[in-house]
Amino acid sequence: GQQLNQSPQSMFIQEGEDVSMNCTSSSIFNTWLWYKQDPGEGPVLLIALYKAGELTSNGRLTAQFGTTRKDSFLNISASIPSDVGIYFCAGPPVSGYALNFGKGTSLLVTP
Amino acid sequence: DSGVTQTPKHLITATGQRVTLRCSPRSGDLSVYWYQQSLDQGLQFLIQYYNGEERAKGNILERFSAQQFPDLHSELNLSSLELGDSALYFCASSPQTVPNEKLFFGSGTQLSVL
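Chains as they are written, first to last, in our numbering: chain A, 1 to 111; chain B, 1 to 114.
It should be emphasised that the hints constitute simulated quantities derived from the structure, not laboratory data. Hints are supplied without guarantee of correctness; some may be wrong.
Claimed, not checked - Result set (DSSO-like, lysine-lysine): computed pairs, CA atoms no more than 27 Å apart in a straight line: (1) K102(B) with K57(B); (2) K102(B) with K9(B); (3) K70(A) with K57(B); (4) K51(A) with K102(B); (5) K9(B) with K57(B); (6) K51(A) with K70(A); (7) K102(B) with K70(A).
As the structure is a prediction and not an experimental result, all values here were calculated from the model.
This is chain A alone, in the form it adopts within the complex (with noise of 0.2 Å):
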């Protein structure tokens, strides 16, 4: 299938800094979406990109479908104790139906 891959594969940072991830693929992707999972819970669709070149915003959080189709970008404002976690990218394969997810970039925030 077609491999995605994020980085960081993970960060600590300080409640209060802003935080940037992101995800490319070798392949095109017609639409990004990036998923958060909470510790001890299954993932949480964040934001979904449709088109190239979108920004999407959801709160504190913005997300922006690569240009060339093949990368996306999640960046975190003002992070906070709950932005803890594990964020994914995914996207649909081309054939196929079964989402392909990043391995996940994980998130820790200190008080």
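Using the hints, position chain B against chain A.
Then chain B, alone, in the frame of chain A:
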């Protein structure tokens, strides 16, 4: 609460054993997906069912099987368990079948094989 229910939450068993994981999708969702999450592999797609029929297969081992029943709940059967099968198993549901975009995940079943 995503509306997707998975049981049990934790399962501890021994190598060689067989276990069944259960999933109830969100009301009205016809698609059920099973994913395996391990530390080194991330979220790996195993198998998808749509309205009782197998729709897609991912990296599912031959020792694993699944089914979706008429009431739309699904079960994932894992047999001849090995230490490496220890992982978090998620079920997700969606109202769509193609293209799949948004999934609603359950809280997972943590399987420990000792």
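Pair hint outcome, K102(B) versus K57(B) [Cα-Cα no greater than 27 Å]: The given pair, whose Cα atoms are some 18 Å apart, holds under the 27 Å limit.
Restraint check for K70(A) with K57(B), where alpha carbons must lie at most 27 Å apart: Holds. K70(A) to K57(B) sits at ~24 Å (cutoff 27 Å).
27 Å limit on alpha-carbon distance, applied to hinted pair K102(B) and K70(A): 19 Å, holds
Restraint check for K9(B) with K57(B), where alpha carbons must lie at most 27 Å apart: 24 Å, holds
Hinted pair K51(A) and K102(B), Cα distance within 27 Å: 16 Å, holds
27 Å limit on alpha-carbon distance, applied to hinted pair K102(B) and K9(B): 23 Å, holds
Straight-line alpha-carbon gap K51(A) to K70(A), limit 27 Å: OK: K51(A) and K70(A) at ~12 Å, within 27 Å.
In summary, the structure agrees with every hint in the numbered list given earlier.
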